[in-house]
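Number of protein chains: 2
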Amino acid sequence: MNYSYISQLYCPKCGHTYGTSEQHQLCTCGSPLLVDYDLEGIKKHLTTDELTSRESTLWRYHELLPIEEAHHVVSLGEGMTPLIPFQELGKDTSIENLYIKDEGLIPTGTFKARGAAVGVSKAKEVGVKELAMPTNGNAGAAWGLYAARAGITSTIVMPEDAPKITRNEVALSGANLYLVNGLISDAGKIVGKAVKDYNLYDASTLKEPYRIEGKKTMGLEIAEQLNWEMPDVILYPTGGGVGLIGIHKALKELKELGWVKGKLPRLVAVQSRGCAPIVKAWEEGKRESEFWNDSETLAFGINVPKALGDFLVLDAIYETDGCAIAVDDESMLQEQAKVAQMEGNFICPEGAATFAAVRRLRENGWIEQNETVVALNTGAGIKYPDTVQLRPEMLEKDGSIVKADEGLVK
Amino acid sequence: MNYSYISQLYCPKCGHTYGTSEQHQLCTCGSPLLVDYDLEGIKKHLTTDELTSRESTLWRYHELLPIEEAHHVVSLGEGMTPLIPFQELGKDTSIENLYIKDEGLIPTGTFKARGAAVGVSKAKEVGVKELAMPTNGNAGAAWGLYAARAGITSTIVMPEDAPKITRNEVALSGANLYLVNGLISDAGKIVGKAVKDYNLYDASTLKEPYRIEGKKTMGLEIAEQLNWEMPDVILYPTGGGVGLIGIHKALKELKELGWVKGKLPRLVAVQSRGCAPIVKAWEEGKRESEFWNDSETLAFGINVPKALGDFLVLDAIYETDGCAIAVDDESMLQEQAKVAQMEGNFICPEGAATFAAVRRLRENGWIEQNETVVALNTGAGIKYPDTVQLRPEMLEKDGSIVKADEGLVK
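Residue numbers (my numbering), protein chains in the order written: chain A, 1168 to 1577; chain B, 1168 to 1577.
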């Protein structure tokens, strides 16, 4: 029995294949590369029953992950985040089985940890000593910290206005942190140049083939946590879209393994009205998106004007009869407050976008009342302290709480 | 088989006992109350083997928790946080088996979620409709959000200078949030008055008997994650000390159940030099602490000048041949950076205090090289964005990274 059943890398555009023991970035044709597994081999050796007693991290699926020797695994205990019923919000939106998959409970507080854990582990396995990447914040935080754990040096470039918390995470990891007086695309150009100048491993989104495998585990976990019954709909806040691509890949692999049966869930890409290139492409029936000019949204994790993997996101939507939908920032903030007050969960704005989309899609009938719906919250609300505005009452030391006629409590 | 084997509440000072189906606060003698279980009953019905296949939350130990009916459980997926080997820091401090128990991976980002999950669930079970509490931030965030999930109204009073993130968490939960122009002791007085005036359930530390049961699960998990072998030393950052009291209670219960054997781990209370009442009491061989005047530390979670449960903390230390130790703020910050750079984990200042204490206790020989040592990180570093100070290099849009002679990387 192998630790991993990885078989090769392949190009989803031109079909070219590559080995898995050397360093690879994009295909020679410019497309991202994907990982293939010997699923027949896994079928022979592993059953879903065996999984239940394994450790409660994403490494429980090691046969379906690309790391070939267990000692290369770099782990901070990531994965198996909770899938929690949202009964009150379900009632409020008329959905009988509404769940949150809560990626706030993971190292560094966002789902980016999955991509970093698997991506950095494989980088270690193929001998990477130095990596570089541009980031809007959370991915850089995750890669910086996991690289530190792996003993890999990292160079990370982020826009000056990326959230301070993520900047601090990167700095504390000991990474070489640079700020740029511009956007993530400017950071990307600087990284591209440094990668060439100094022969660094390029860990930019989809420019290495393995972070998608880490993100795939969200799909594996959802299936296992629903006892290998697939939900009807999965919604995902979509910037670069790697999470959605990963979930789609996971479900197809599980189906081929025979661990799940029937129709794949309808996958929904949720974007912000201020940056909705995938939604526009889907509405126009296109297979690729166009660059979205002057993008703007407070959910900065989905502020991605043109995703390298846009065609894979659109494929996932078309293949599963899914859809793409944009919500405005105000709806996000309203939904964030509703989720906290009804369910006790402080989700991030991107997660709130997903729940706002759930509400809209139920209202227009695209989601039916009796369907099982899983919405991804991609990070902890505490990483975005400035999205909440409040004016609490101020008391003096010797003050008292005065309960109004209508009761102490709002 | 019962869901819970709770048998009664008892007073550790005067021995008075109480039932468990009504609301109780302190004993009539003024002491906190503790929970008793029918451990013989559990012994007959539950084995450690059965635990392995249970859900990966603290509710896997429901027989050892006070909630009597499963449908009263209010959960956001808390517990079974990772126990992770810190090999590099272990080498750096000459400790062969050094672990972090990482309470950053829990709803609201701190261990306070454990106390809130169990405390709020039991409050719901005994019919509480409104609760009130003072907080320095993290406990209020956890109780506010879990209370929201339970449909319980909460009134929370915090000092004006408590961290903004926790203030936002409380506000977003829909709690009645009040700020006070003073310290947590001032907030406590205001809450005490409101509790009397409006007949609210007092959820202040140790004034209700159940949060300690939630925090106890850290001890249960450490034992299970070490395969029911006890470590030699457990270190805990100590403010109110409920975590340490809880861990001590857990280990004693496990021993009585026969699930662990031998000597209990030596328990270490870690405090800040700027607020070290437990350390002072321990150094003087006393059974209670004195109020610490003008306390000050950047690790505000352990800024507690006089803990209601101080005598229980000191008991735990004396009974296990443990110790109490104070570290300064600068050592904390240094250790926080070391942990991030060596292990990839962004811990909170309180957690960093524990690792600084590990280093000191190894240096002075109190911890031996071959001992198994577990240090608690009580929260995610991202909740304290202002502890990291940095000056990253700024690039223009068309700038480049210049690799110095000694290499690109520090």
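It should be emphasised that the hints constitute simulated quantities derived from the structure, not laboratory data. Check the hints yourself; a few may be wrong.
Given that identical chains are not distinguished, each listed pair holds provided it fits within a single copy or across any two copies.
Unchecked claim - In the DSS-like style, the derived pairs of lysine-lysine whose C-alpha atoms are separated by at most 27 Å in a straight line are: (1) K1570 <-> K1331; (2) K1570 <-> K1374; (3) K1296 <-> K1505; (4) K1505 <-> K1210; (5) K1363 <-> K1570; (6) K1570 <-> K1356; (7) K1430 <-> K1360; (8) K1564 <-> K1374; (9) K1430 <-> K1211; (10) K1356 <-> K1419; (11) K1360 <-> K1505; (12) K1210 <-> K1374; (13) K1211 <-> K1428; (14) K1422 <-> K1356; (15) K1360 <-> K1428; (16) K1422 <-> K1564; (17) K1447 <-> K1422; (18) K1360 <-> K1211; (19) K1258 <-> K1360; (20) K1453 <-> K1363.
Consistency of the hints with the structure:
no., hint, result
1, K1570 <-> K1331, "between (39 Å within a copy, 25 Å between copies)"
2, K1570 <-> K1374, "between (59 Å within a copy, 22 Å between copies)"
3, K1296 <-> K1505, "between (46 Å within a copy, 20 Å between copies)"
4, K1505 <-> K1210, "neither (43 Å within a copy, 43 Å between copies)"
5, K1363 <-> K1570, "between (66 Å within a copy, 12 Å between copies)"
6, K1570 <-> K1356, "between (58 Å within a copy, 16 Å between copies)"
7, K1430 <-> K1360, "neither (44 Å within a copy, 59 Å between copies)"
8, K1564 <-> K1374, "between (57 Å within a copy, 21 Å between copies)"
9, K1430 <-> K1211, "within (24 Å within a copy, 45 Å between copies)"
10, K1356 <-> K1419, "neither (34 Å within a copy, 59 Å between copies)"
11, K1360 <-> K1505, "neither (45 Å within a copy, 31 Å between copies)"
12, K1210 <-> K1374, "neither (30 Å within a copy, 55 Å between copies)"
13, K1211 <-> K1428, "within (18 Å within a copy, 40 Å between copies)"
14, K1422 <-> K1356, "neither (39 Å within a copy, 60 Å between copies)"
15, K1360 <-> K1428, "neither (46 Å within a copy, 59 Å between copies)"
16, K1422 <-> K1564, "neither (62 Å within a copy, 46 Å between copies)"
17, K1447 <-> K1422, "neither (30 Å within a copy, 62 Å between copies)"
18, K1360 <-> K1211, "neither (46 Å within a copy, 67 Å between copies)"
19, K1258 <-> K1360, "neither (52 Å within a copy, 37 Å between copies)"
20, K1453 <-> K1363, "neither (33 Å within a copy, 65 Å between copies)"
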